[in-house]
Amino acid sequence: MDKEKEIKTQDFVADFYENIRHSRSYARKFHDYWFSEMVKRVVPRGLALDAGCGTGEMMEFLKNRGYKNFVGYDISFNMLSHAKKRAESLVCADAENLPFADTSFDIIYGRSILHHLQDVPKALREASRVLKPGGDVVFVETNKTFINDLPRRLMKHGDHFSEDHKNFKDSDLLSMMKKEFEIKNVNYFGYIGYTLLGFPDMLDIYRFIPLKKIFTPLLINIDKVLSRTPIVKRLSFCIIIEAKKR
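So in our numbering the end of the sequence shown lands on 291, straight run, no missing numbers.
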């Protein structure tokens, strides 16, 4: 994967994230639900790292809930220019070559970062290096299924993606993570609400739906039910992995 190309892609989409994705009230509600699904698995403590922080929405989510001891990094300056509206401790950095000292952080949250990377095992080694012994990681990543494989292949040809972006099989991602971490829990995330609510910068048909105050929480609740339904839950768009440094 060409890192310069990835930086250009992320610089390009940053304004769409800021001005469309995170300006729609229904999208914000869905992303807050997404953040809550991550945070409830590992409650913030000590110093947290937001890996691939983008425009800073997760740090804003944490701050609004009284937690302020965190650092965010991203490879895109344009992403960080928006993130600085929401957080102060920001670093422009590459996940495969982190500028932090060993054992700096108690927790790492990473939402949809690994599938952008050229060398995922190296990035996981770096995450382990900067994490304290016994520290926790929560990664949310793509989950390749027969339902989402074709749409994700098609989206690679758009301006918001690169043909190099990955769509992980859950078994492949877990295999890579097990080399650095002890896997604690695996959960599945993202179904109907994920597609209709989460990405208005790419698919904004939901803005034509009336009664959003009723349908938005309904769609989120449907996603919650599907994530607990045997067999069906594995057809999610994403996987949430909670792990611990040995």
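Treat the hints as calculated values from the structure; they're not laboratory data.
Do not rely on the hints blindly, as some may be mistaken.
As the list claims (entries may be wrong) - Straight-line Cα separation of at most 25 Å, SDA-like style, residue types lysine to any residue; simulated pairs:
(1) 289 x 237
(2) 278 x 237
(3) 214 x 230
(4) 223 x 266
If you're wondering where the values come from, they're calculated on a predicted model, not measured in any experiment.
Pair hint outcome, residue 289 versus residue 237 [Cα-Cα no greater than 25 Å]: With Cα atoms ~30 Å apart, residue 289 and residue 237 exceed 25 Å; violated.
25 Å Cα cutoff - pair residue 223, residue 266: Given pair residue 223, residue 266 is violated - Cα atoms ~31 Å apart, limit 25 Å.
Restraint status (C-alpha distance of residue 278 to residue 237 at most 25 Å): Holds. Residue 278 to residue 237 sits at ~12 Å (cutoff 25 Å).
Hint consistency between residue 214 and residue 230 [alpha-carbon to alpha-carbon, up to 25 Å]: This hinted pair holds, its Cα atoms lying about 16 Å apart.
Figure legend: structure checked against the earlier numbered hints; hints not met, in rising order: 1, 4.
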